[in-house]
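Let's have the full structure, built from the sequences with the hints guiding it.
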Amino acid sequence: MIAIADSGSTKTLWVLSDGKGLEYTFKTIGFNPYFVTRDEVEYCMSAAFPKEVKPNEISDVYFYGSGCSNCDNYAHLQEALSTFFGKASINIYSDMLGTARALLKREAGVAAILGTGSNSCFYNGTEITKNPVSLGYILGDEGSGATIGKTFIKRYLEGRFDAELTKQIFAETGETVTTVLNSVYKGEHPNRYLANFTKTINNHIEHPQMQELMRQSFRDFFGNYLFVYPDYLKYRIGFCGSIAYYFSGILVEELEKLGYSRDNVFIINEVTTELLKYHLG
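Numbering (the numbering used here), first residue to last: 10 to 290.
Don't read these hints as lab results, they were simulated from the structure. Treat the hints loosely; a few may be bogus.
Lysine-lysine pairs mimicking DSS-like chemistry, simulated, CA-CA at most 25 Å apart [what the hints assert, rightly or not]:
| # | residue 1 | residue 2 |
| --- | --- | --- |
| 1 | Lys60 | Lys29 |
| 2 | Lys195 | Lys208 |
| 3 | Lys266 | Lys286 |
| 4 | Lys20 | Lys243 |
| 5 | Lys29 | Lys286 |
| 6 | Lys29 | Lys114 |
| 7 | Lys243 | Lys208 |
| 8 | Lys139 | Lys163 |
| 9 | Lys139 | Lys36 |
| 10 | Lys243 | Lys266 |
| 11 | Lys286 | Lys195 |
| 12 | Lys20 | Lys163 |
| 13 | Lys176 | Lys139 |
| 14 | Lys20 | Lys208 |
| 15 | Lys60 | Lys96 |
Computed from a prediction, not measured in an experiment: that's the story for all the values here.
As C-alpha coordinates, this is what we get:
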(Lines of atoms letter the chains of each structure in order from A and count residues from 1; the text may use other names and numbers.)
(Lines give C-alpha, C1' and ligand atoms only; values in the text may rest on other atoms or scores of the structure.)
Protein backbone atom coordinates (compact mmCIF):
# COMPACT_ATOMS: atom_id res chain seq x y z
CA MET A 1 0.00 0.00 0.00
CA ILE A 2 1.27 3.51 -0.83
CA ALA A 3 0.55 6.89 0.72
CA ILE A 4 0.34 10.18 -1.17
CA ALA A 5 0.19 13.58 0.49
CA ASP A 6 -0.56 17.03 -0.91
CA SER A 7 0.50 19.50 1.76
CA GLY A 8 0.05 23.23 2.03
CA SER A 9 0.73 25.52 4.95
CA THR A 10 -2.76 25.01 6.41
CA LYS A 11 -3.76 21.42 5.57
CA THR A 12 -2.48 18.17 4.14
CA LEU A 13 -4.69 15.85 2.09
CA TRP A 14 -3.67 12.19 2.28
CA VAL A 15 -4.73 9.17 0.23
CA LEU A 16 -3.73 5.56 0.92
CA SER A 17 -4.14 2.97 -1.82
CA ASP A 18 -3.33 -0.68 -2.41
CA GLY A 19 -3.60 -0.16 -6.18
CA LYS A 20 -6.57 -2.55 -6.38
CA GLY A 21 -9.39 -0.22 -5.42
CA LEU A 22 -8.96 -0.07 -1.64
CA GLU A 23 -8.44 3.56 -0.66
CA TYR A 24 -8.52 5.66 2.49
CA THR A 25 -8.39 9.44 2.70
CA PHE A 26 -7.74 11.70 5.66
CA LYS A 27 -6.51 15.18 6.54
CA THR A 28 -3.89 16.62 8.86
CA ILE A 29 -2.63 20.13 9.44
CA GLY A 30 -0.22 21.49 6.87
CA PHE A 31 3.26 20.03 7.23
CA ASN A 32 5.22 22.96 5.85
CA PRO A 33 8.67 22.22 7.30
CA TYR A 34 9.21 25.90 8.02
CA PHE A 35 6.33 25.88 10.49
CA VAL A 36 6.02 22.40 12.03
CA THR A 37 8.23 20.39 14.35
CA ARG A 38 9.00 16.69 14.26
CA ASP A 39 6.84 16.12 17.34
CA GLU A 40 3.87 17.92 15.77
CA VAL A 41 4.08 15.76 12.65
CA GLU A 42 4.19 12.52 14.64
CA TYR A 43 1.31 13.61 16.91
CA CYS A 44 -0.93 14.71 14.03
CA MET A 45 -0.29 11.54 12.04
CA SER A 46 -1.12 9.35 15.04
CA ALA A 47 -4.35 11.25 15.65
CA ALA A 48 -5.62 11.27 12.05
CA PHE A 49 -4.34 8.04 10.50
CA PRO A 50 -7.13 5.57 9.59
CA LYS A 51 -7.60 2.92 12.26
CA GLU A 52 -8.20 0.27 9.59
CA VAL A 53 -4.59 0.50 8.39
CA LYS A 54 -1.33 -0.06 10.25
CA PRO A 55 1.38 2.47 9.38
CA ASN A 56 3.92 -0.30 8.79
CA GLU A 57 1.70 -1.67 6.00
CA ILE A 58 2.70 1.33 3.88
CA SER A 59 5.59 0.54 1.54
CA ASP A 60 6.11 3.97 -0.06
CA VAL A 61 5.22 7.52 0.94
CA TYR A 62 5.13 10.26 -1.70
CA PHE A 63 4.89 13.60 0.07
CA TYR A 64 4.43 16.79 -1.98
CA GLY A 65 4.52 19.95 0.08
CA SER A 66 4.97 23.68 0.24
CA GLY A 67 8.34 24.58 1.73
CA CYS A 68 9.85 21.33 0.43
CA SER A 69 11.83 22.58 -2.53
CA ASN A 70 15.03 22.78 -0.45
CA CYS A 71 16.17 19.35 0.76
CA ASP A 72 18.23 20.95 3.56
CA ASN A 73 15.01 22.26 5.09
CA TYR A 74 12.93 19.14 5.60
CA ALA A 75 15.18 16.64 7.40
CA HIS A 76 12.99 16.78 10.52
CA LEU A 77 9.88 16.11 8.42
CA GLN A 78 11.50 13.12 6.77
CA GLU A 79 12.61 11.77 10.15
CA ALA A 80 9.12 12.16 11.60
CA LEU A 81 7.47 10.36 8.68
CA SER A 82 10.11 7.62 8.76
CA THR A 83 9.48 7.08 12.46
CA PHE A 84 5.70 6.99 12.03
CA PHE A 85 5.55 4.68 9.02
CA GLY A 86 8.39 2.45 10.17
CA LYS A 87 9.11 0.40 7.03
CA ALA A 88 8.17 2.83 4.25
CA SER A 89 10.43 4.53 1.76
CA ILE A 90 9.88 8.28 2.32
CA ASN A 91 9.99 10.48 -0.77
CA ILE A 92 9.56 14.24 -0.30
CA TYR A 93 9.05 16.63 -3.20
CA SER A 94 7.94 20.22 -3.78
CA ASP A 95 4.26 21.03 -4.24
CA MET A 96 5.14 22.42 -7.68
CA LEU A 97 6.45 19.03 -8.83
CA GLY A 98 3.29 17.44 -7.44
CA THR A 99 1.21 19.84 -9.49
CA ALA A 100 3.20 19.03 -12.64
CA ARG A 101 2.94 15.27 -12.16
CA ALA A 102 -0.77 15.49 -11.37
CA LEU A 103 -1.59 17.62 -14.39
CA LEU A 104 0.82 16.36 -17.04
CA LYS A 105 1.76 12.87 -15.83
CA ARG A 106 4.77 12.03 -18.06
CA GLU A 107 4.20 14.60 -20.80
CA ALA A 108 6.10 17.84 -21.23
CA GLY A 109 4.25 21.10 -20.64
CA VAL A 110 3.50 24.02 -18.37
CA ALA A 111 1.97 23.38 -14.96
CA ALA A 112 0.50 26.20 -12.90
CA ILE A 113 -0.97 26.83 -9.48
CA LEU A 114 -3.79 29.36 -9.20
CA GLY A 115 -5.11 29.22 -5.66
CA THR A 116 -4.51 31.49 -2.68
CA GLY A 117 -1.03 31.84 -4.18
CA SER A 118 0.24 31.38 -7.73
CA ASN A 119 3.23 29.85 -9.46
CA SER A 120 4.18 27.85 -12.54
CA CYS A 121 6.89 25.65 -13.96
CA PHE A 122 8.01 24.01 -17.17
CA TYR A 123 8.04 20.23 -16.78
CA ASN A 124 9.82 17.97 -19.25
CA GLY A 125 7.83 14.88 -18.33
CA THR A 126 10.25 13.87 -15.60
CA GLU A 127 11.40 16.95 -13.74
CA ILE A 128 10.99 20.71 -13.51
CA THR A 129 13.43 22.49 -15.79
CA LYS A 130 12.32 26.09 -15.28
CA ASN A 131 10.42 27.82 -12.49
CA PRO A 132 9.96 31.61 -12.13
CA VAL A 133 10.87 33.12 -8.80
CA SER A 134 7.90 33.23 -6.43
CA LEU A 135 7.69 36.49 -4.47
CA GLY A 136 4.46 36.00 -2.53
CA TYR A 137 1.28 38.03 -2.55
CA ILE A 138 2.89 41.33 -1.54
CA LEU A 139 5.48 41.42 -4.32
CA GLY A 140 4.07 38.90 -6.78
CA ASP A 141 1.53 36.06 -7.01
CA GLU A 142 -0.25 37.66 -9.95
CA GLY A 143 -3.51 35.84 -10.68
CA SER A 144 -3.70 34.36 -7.19
CA GLY A 145 -6.68 34.62 -4.88
CA ALA A 146 -4.75 36.86 -2.51
CA THR A 147 -3.69 39.29 -5.24
CA ILE A 148 -7.11 39.30 -6.88
CA GLY A 149 -8.71 39.91 -3.49
CA LYS A 150 -6.28 42.75 -2.83
CA THR A 151 -7.20 44.42 -6.13
CA PHE A 152 -10.91 43.88 -5.49
CA ILE A 153 -11.00 45.32 -1.97
CA LYS A 154 -8.81 48.28 -2.96
CA ARG A 155 -11.20 49.21 -5.76
CA TYR A 156 -14.18 48.73 -3.47
CA LEU A 157 -12.77 50.97 -0.72
CA GLU A 158 -11.70 53.61 -3.24
CA GLY A 159 -15.25 53.75 -4.64
CA ARG A 160 -14.25 52.60 -8.11
CA PHE A 161 -17.15 50.17 -8.57
CA ASP A 162 -20.54 51.47 -9.64
CA ALA A 163 -22.93 52.53 -6.91
CA GLU A 164 -25.26 49.52 -7.07
CA LEU A 165 -22.42 47.01 -7.06
CA THR A 166 -20.76 48.80 -4.15
CA LYS A 167 -24.03 48.66 -2.22
CA GLN A 168 -24.36 44.93 -2.86
CA ILE A 169 -20.77 44.25 -1.81
CA PHE A 170 -21.29 46.09 1.47
CA ALA A 171 -24.52 44.19 2.12
CA GLU A 172 -22.71 40.88 1.60
CA THR A 173 -19.43 41.59 3.38
CA GLY A 174 -20.04 44.50 5.76
CA GLU A 175 -16.47 45.57 5.08
CA THR A 176 -15.31 49.11 5.77
CA VAL A 177 -11.93 50.81 5.65
CA THR A 178 -11.48 50.07 9.35
CA THR A 179 -12.33 46.37 9.19
CA VAL A 180 -10.17 45.81 6.12
CA LEU A 181 -7.12 47.62 7.49
CA ASN A 182 -7.38 45.76 10.79
CA SER A 183 -7.61 42.41 9.03
CA VAL A 184 -4.80 43.11 6.57
CA TYR A 185 -2.31 44.74 8.93
CA LYS A 186 -3.17 43.07 12.24
CA GLY A 187 -4.69 39.74 11.21
CA GLU A 188 -2.80 36.45 11.36
CA HIS A 189 -3.33 35.37 7.74
CA PRO A 190 -3.98 38.42 5.53
CA ASN A 191 -3.37 36.41 2.34
CA ARG A 192 -6.24 34.06 3.17
CA TYR A 193 -8.43 36.96 4.25
CA LEU A 194 -7.87 38.71 0.92
CA ALA A 195 -8.35 35.53 -1.10
CA ASN A 196 -11.74 35.03 0.53
CA PHE A 197 -13.08 38.04 -1.41
CA THR A 198 -12.96 35.96 -4.58
CA LYS A 199 -16.21 34.38 -3.36
CA THR A 200 -17.85 37.81 -3.58
CA ILE A 201 -16.36 38.34 -7.03
CA ASN A 202 -17.82 35.02 -8.13
CA ASN A 203 -21.25 36.02 -6.80
CA HIS A 204 -21.19 38.98 -9.23
CA ILE A 205 -19.10 37.52 -12.01
CA GLU A 206 -21.54 38.59 -14.73
CA HIS A 207 -20.97 42.25 -13.82
CA PRO A 208 -18.66 43.94 -16.37
CA GLN A 209 -16.39 45.31 -13.65
CA MET A 210 -15.89 41.86 -12.16
CA GLN A 211 -15.27 40.41 -15.61
CA GLU A 212 -12.62 43.05 -16.31
CA LEU A 213 -10.95 42.47 -12.94
CA MET A 214 -10.65 38.72 -13.47
CA ARG A 215 -9.55 38.93 -17.10
CA GLN A 216 -6.82 41.44 -16.28
CA SER A 217 -5.71 39.29 -13.34
CA PHE A 218 -5.23 36.30 -15.62
CA ARG A 219 -3.40 38.43 -18.19
CA ASP A 220 -1.08 39.59 -15.40
CA PHE A 221 -0.47 35.95 -14.51
CA PHE A 222 0.40 35.13 -18.13
CA GLY A 223 2.89 37.99 -18.23
CA ASN A 224 4.81 36.73 -15.21
CA TYR A 225 4.27 32.98 -15.20
CA LEU A 226 3.63 31.88 -18.80
CA PHE A 227 5.42 34.13 -21.26
CA VAL A 228 8.74 33.26 -19.59
CA TYR A 229 8.69 29.89 -21.38
CA PRO A 230 9.88 29.91 -25.02
CA ASP A 231 7.39 28.36 -27.45
CA TYR A 232 4.82 27.90 -24.65
CA LEU A 233 2.02 27.42 -27.19
CA LYS A 234 3.62 24.19 -28.39
CA TYR A 235 2.88 22.47 -25.09
CA ARG A 236 -0.08 21.49 -22.98
CA ILE A 237 -0.87 23.69 -20.00
CA GLY A 238 -2.49 22.56 -16.78
CA PHE A 239 -3.83 24.43 -13.78
CA CYS A 240 -4.76 23.41 -10.26
CA GLY A 241 -6.26 25.47 -7.46
CA SER A 242 -9.52 27.11 -6.54
CA ILE A 243 -9.11 30.24 -8.69
CA ALA A 244 -8.41 28.23 -11.83
CA TYR A 245 -11.25 25.84 -11.01
CA TYR A 246 -14.02 28.29 -10.14
CA PHE A 247 -13.12 30.86 -12.80
CA SER A 248 -12.24 28.28 -15.44
CA GLY A 249 -14.55 29.75 -18.08
CA ILE A 250 -12.82 33.11 -18.06
CA LEU A 251 -9.38 31.53 -17.76
CA VAL A 252 -9.91 29.30 -20.80
CA GLU A 253 -11.29 32.20 -22.85
CA GLU A 254 -8.20 34.27 -22.10
CA LEU A 255 -5.95 31.34 -22.98
CA GLU A 256 -7.79 30.92 -26.28
CA LYS A 257 -7.03 34.55 -27.09
CA LEU A 258 -3.35 33.63 -26.81
CA GLY A 259 -3.81 30.79 -29.27
CA TYR A 260 -4.41 27.79 -27.00
CA SER A 261 -6.88 25.08 -27.96
CA ARG A 262 -9.31 23.98 -25.25
CA ASP A 263 -8.04 20.44 -25.80
CA ASN A 264 -4.60 21.49 -24.56
CA VAL A 265 -5.83 23.11 -21.32
CA PHE A 266 -6.39 21.03 -18.17
CA ILE A 267 -7.86 22.33 -14.92
CA ILE A 268 -8.27 20.46 -11.62
CA ASN A 269 -9.09 21.61 -8.10
CA GLU A 270 -7.13 19.07 -6.06
CA VAL A 271 -4.14 16.96 -7.05
CA THR A 272 -4.19 13.83 -4.86
CA THR A 273 -6.44 11.76 -7.16
CA GLU A 274 -4.30 12.57 -10.18
CA LEU A 275 -1.08 11.91 -8.27
CA LEU A 276 -2.43 8.50 -7.38
CA LYS A 277 -2.88 7.79 -11.09
CA TYR A 278 0.68 8.96 -11.71
CA HIS A 279 2.23 6.67 -9.12
CA LEU A 280 0.07 3.65 -9.92
CA GLY A 281 0.25 4.10 -13.68
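Verification of the supplied hints:
1. Lys60 to Lys29: 19 Å, holds
2. Lys195 to Lys208: 22 Å, holds
3. Lys266 to Lys286: Violated. Lys266 to Lys286 sits at ~31 Å, over the 25 Å cutoff.
4. Lys20 to Lys243: 35 Å, violated
5. Lys29 to Lys286: With a Cα-Cα distance of about 12 Å, the restraint between Lys29 and Lys286 holds, given a limit of 25 Å.
6. Lys29 to Lys114: 20 Å, holds
7. Lys243 to Lys208: At roughly 34 Å apart (the allowed maximum being 25 Å), Lys208 and Lys243 break the hint.
8. Lys139 to Lys163: Roughly 33 Å separates the two Cα atoms, so the pair is violated.
9. Lys139 to Lys36: Cα-Cα ~31 Å, so violated.
10. Lys243 to Lys266: 15 Å, holds
11. Lys286 to Lys195: 42 Å, violated
12. Lys20 to Lys163: 29 Å, violated
13. Lys176 to Lys139: 45 Å, violated
14. Lys20 to Lys208: Roughly 20 Å separates the two Cα atoms, so the pair holds.
15. Lys60 to Lys96: The hint holds at about 18 Å.
Hint violations for this structure: numbers 3, 4, 7, 8, 9, 11, 12, 13, all remaining hints satisfied.
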